[in-house]
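Based on these hints, arrange chain F on the given structure of chain H.
There are 2 protein chains.
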Amino acid sequence: MFADVSMPKGFKCAGIAAGIKASGAKDMALVFSELPASAAGVFTTNQVCAAPVKVCREHLEHGVARAIVMNSGVANACTGAEGIVAAKEMAAEAARLIGCEPQEVFVCSTGKIGPQLPLQKIVAGIGKLFDAALAASVQQTAEAMMTTDTRPKVAVAEFGVGGKAVKIVGLAKGAGMIEPNMATMLSYIATDAAVGQHALQNALKAAVDQSFNRISVDGDQSTNDTVLALANGAAGNAPLDEDAEAWAVFCRELGRVCFELAMMIVHDGEGADKFVTVNVSGAESDADAELAARAVANSMLNKTAWAGTYPDWGRIMDAIGYSKARVVEERTDIAYDGVPAVKGGIRSAVAQEELIRVVSQTDFAINIELHLGEGKATVYTCNCTEAYVRINY
Amino acid sequence: MFADVSMPKGFKCAGIAAGIKASGAKDMALVFSELPASAAGVFTTNQVCAAPVKVCREHLEHGVARAIVMNSGVANACTGAEGIVAAKEMAAEAARLIGCEPQEVFVCSTGKIGPQLPLQKIVAGIGKLFDAALAASVQQTAEAMMTTDTRPKVAVAEFGVGGKAVKIVGLAKGAGMIEPNMATMLSYIATDAAVGQHALQNALKAAVDQSFNRISVDGDQSTNDTVLALANGAAGNAPLDEDAEAWAVFCRELGRVCFELAMMIVHDGEGADKFVTVNVSGAESDADAELAARAVANSMLNKTAWAGTYPDWGRIMDAIGYSKARVVEERTDIAYDGVPAVKGGIRSAVAQEELIRVVSQTDFAINIELHLGEGKATVYTCNCTEAYVRINY
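So the sequence lines, in the order shown, correspond to chains H and F. Using my numbering, the letters of the first sequence map in sequence onto residues 1 to 393. Using my numbering, the letters of the second sequence map in sequence onto residues 1001 to 1393.
This is chain H alone, in the form it adopts within the complex (with noise of 0.2 Å):
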């Protein structure tokens, strides 16, 4: 699927099994940059999160990094004083092996909440990686990030800065809860650009906010999650800053690098198989745009009706009503893709088979015209079927 992409300049990366999954399969990954990278990150806001995490947010402060190293298959949450340790121990080895701080290593892991890591076998893992990453593949490393996911997840940007040549690889796991626990987003983005650390968490930031928090697959969320960048420079381009002439293409690109990661995850959500774009217009603000948006993605009633190909703008209605945004019953227009159900607060003339058309599709938009403002906003979700509640059994 992605066997012909490769890593920017200066990159390696690797995703071997380390016998973490019972099943045998991938369940570590590495992403090595050959010099010091900038480095940027976004994590959970849970106040409940992995040690991972935790390690990550203090690593983040020394602003370079050389490595990210992550294991699927335990998540390290819930594991107190000793997770945190065993968080450490697993950049410390990395570390040893690449010869830098420990806190140029991050660490991520995503899998079953409360067990202690398997810190031997990990280890072991790390010493695997790197020997692997010579050889090893960036669909292999998506691979081995894997849980629930029926598929890994790759984009990529290739572009000029300056004259050189610029490119950023980006490797994303689902959202979806990781069979039998947790939803985790994870997502490693490298880039040869040389980009300044405040700048790069500033348009991680940026690109985080339009991407991975616009989608929704069940409302829950992860103490794990975890986005981080790296950009080291290989690509030889004077170092972009927020004043650089070329620093809004390399937003934009690194927008779309996050942007197509999330939607690779929406669509393959847990148990979903109709991918669903919310739009509000006409919001008094864009927070009140997304808080309806939200309410209509993350409503079960809506996702369920979705999965039984049922135009039900009935229950939109009502999650915008009950959704913290202002919502003026009269003047609301409701359209599924270019089809209106609703206008000013009650159902159109149109068929409901016209309706039935466009929820038949594995494709379509939710288009809700509040008439208050020009706040508007985008989510995108899935639908919910029986098979999600099978898997998170």
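Some clues are possibly wrong.
Calculated cross-link-like contacts (lysine to aspartate or glutamate; reagent style EDC-like; alpha-carbon spacing at most 16 Å) [what the hints assert, rightly or not]:
#: 1; chain 1: F; residue 1: K1343; chain 2: H; residue 2: E82
#: 2; chain 1: F; residue 1: K1343; chain 2: F; residue 2: E1330
#: 3; chain 1: H; residue 1: K54; chain 2: F; residue 2: E1245
#: 4; chain 1: F; residue 1: K1164; chain 2: F; residue 2: E1245
None of these hints come from the bench; they were simulated from the model.
Structure of chain F alone, referenced to chain H:
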């Protein structure tokens, strides 16, 4: 089931088939007081609300009522000006038969959102309801309120006030969405106690806060939710108000009736076969405890874990962590019934089999102690099975 329950003195009730539901099942109900009764009401806070809710709010200002007329099958929601006219017509027709002001009649609808009320059938149905009212049973009335409910819901309290025998009868229909549409919870409380209107409103509000507002089936809030109470004074007691000696007794019994009905609703949650009590204690405030309990109760990950008999306390830690309640991971304890699963944020030494034994039951409690203060709250919920998804297709 409730064949031997009769209404309080001075009340009649009826449930009949008026041809609104295509199945031919009973679809209209009446609660009628022979005397003018003090009236109280609590309604959905959804900004999008049904025409009958708007009409009830208006009629409640009158403070005195004679009847509640309801239909199932069509929600009369998102029906614009025509829907308001129909709801008022429904009240006016009942008022004409009673010989009272239209403001003395409350109307409710539940069912599909969007279509207009079939007013001809409704008007004919109101006639049938009054014809039936002398002979009709509480059970038939509760049956006529049902939509996806699998059984009627009735609760009774009998007690003394100042030497007079007083009775409260409550009827309800469930949350869980109405096939194939909206979640709606309706409940009617009739009592022959004499109660001042203002005091009755306060008592009802307090009772609802601790009962119907403490249950969660799917987190979706309906456009039609309505709880109404009528107190007609036929018991002959000296009118109760908040200064009365028996006030606490009346409030306790009203609370018990509402609580029993609320528990029946959760037990009959769509597709559910497990009843779960979520207790949070040690929060910084009661409000914080409620936020944490609701996050756990509404989490699809928790509901599906319970369906799968999977004691996944990590999902509980996750939910309290993303709730808006203050949580300190390292202080948190979680027990399944009396079996400790988490101590100080990490897993206890208890064997997994012990926890599985608890979640194998059809009725168990999740007890969460935050060790941050004195705040506590309880929310009642149910599991989410594949059947829930099927029902809402």
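How the hints compare with the structure:
{"no.": "1", "hint": "F/K1343 / H/E82", "in the structure": "14 Å, holds"}
{"no.": "2", "hint": "F/K1343 / F/E1330", "in the structure": "8 Å, holds"}
{"no.": "3", "hint": "H/K54 / F/E1245", "in the structure": "57 Å, violated"}
{"no.": "4", "hint": "F/K1164 / F/E1245", "in the structure": "13 Å, holds"}
Checked against the numbered hints given earlier, this structure breaks only hint 3.
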